[in-house]
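Visitor: Assemble the whole structure, with the sequences as input and the hints as a guide.
Everything in the sequence shown is counted per UniProt numbering, starting at 1 for the first residue and increasing by one.
Hints are computed from structural coordinates only; laboratory data are not their basis.
Each hint should be verified, as a subset may be incorrect.
[Said to hold, decoys possible] The calculated lysine-lysine pairs, modelled on DSS-like cross-linking and capped at a C-alpha distance of 30 Å, are:
{"no.": "1", "residue 1": "K62", "residue 2": "K90"}
{"no.": "2", "residue 1": "K123", "residue 2": "K110"}
{"no.": "3", "residue 1": "K152", "residue 2": "K97"}
{"no.": "4", "residue 1": "K97", "residue 2": "K123"}
{"no.": "5", "residue 1": "K97", "residue 2": "K110"}
{"no.": "6", "residue 1": "K40", "residue 2": "K152"}
{"no.": "7", "residue 1": "K123", "residue 2": "K90"}
{"no.": "8", "residue 1": "K152", "residue 2": "K123"}
Remember, predicted model here, so these are calculated numbers, not experimental data.
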Amino acid sequence: MFTRLLRINQWTTVSILPVLLPDKQNPKDIPAGEQKQLKKPQTGFERVVHIFKVDEFGSLSKELLTAINTGLFAAFAGGAIAGLRENQIKFQEFVTKQNSNMYISHNEAKNHLTRLLAVSFLKTFGHFSIRLGFFTSLFTLTTNVLGAYNEKLRIWHFVASGVMTGSIYRIPRGARAMIAAGTVGK
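Guide: Set out below in structure tokens:
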């Protein structure tokens, strides 16, 4: 009977471990009256700066996480869709333009086609994922910053974000394209 009570298993050790090795003081362990109140940002500029700061737990703000997650998802989805579309085009070009007498065997033709499709997919994936991820992250971050500045999201925040993001997206095509993309959204 006593041997069963004296037996130490792994869960007993794990449950005692936090008592033996105290970590930093958890703010939830402090009584409510003794906790210092966190000051909420009051002005628009303070709210915008608060977006880019790490909180007391070491995590990013929800606005910044939203911009990062949207950009990563858009980069992956857009790159995959563009890469698959490019693979269809390259496959049709390979079938129509390649002479079957060019290759010694059927396996050599398949290897060349596989290599061609893999390279074209990776090139297109990289190109479009960078562009789309940057565009989406910038749009979302601009919308969140404008919303935090005014404490409320309004329709003009989306319009302003679209104008700015469209203009930046068309920088390589010149000033006329930037103005057209900013005003018309082309």
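Visitor: Now, for every hint given, state plainly whether the structure supports it.
Guide: Structure-based check of each hint:
{"no.": "1", "hint": "K62 / K90", "in the structure": "violated, 41 Å"}
{"no.": "2", "hint": "K123 / K110", "in the structure": "holds, 20 Å"}
{"no.": "3", "hint": "K152 / K97", "in the structure": "violated, 57 Å"}
{"no.": "4", "hint": "K97 / K123", "in the structure": "holds, 21 Å"}
{"no.": "5", "hint": "K97 / K110", "in the structure": "holds, 15 Å"}
{"no.": "6", "hint": "K40 / K152", "in the structure": "holds, 16 Å"}
{"no.": "7", "hint": "K123 / K90", "in the structure": "holds, 12 Å"}
{"no.": "8", "hint": "K152 / K123", "in the structure": "violated, 40 Å"}
Of the numbered hints stated above, those contradicted by the structure are hints 1, 3 and 8, listed in ascending order.
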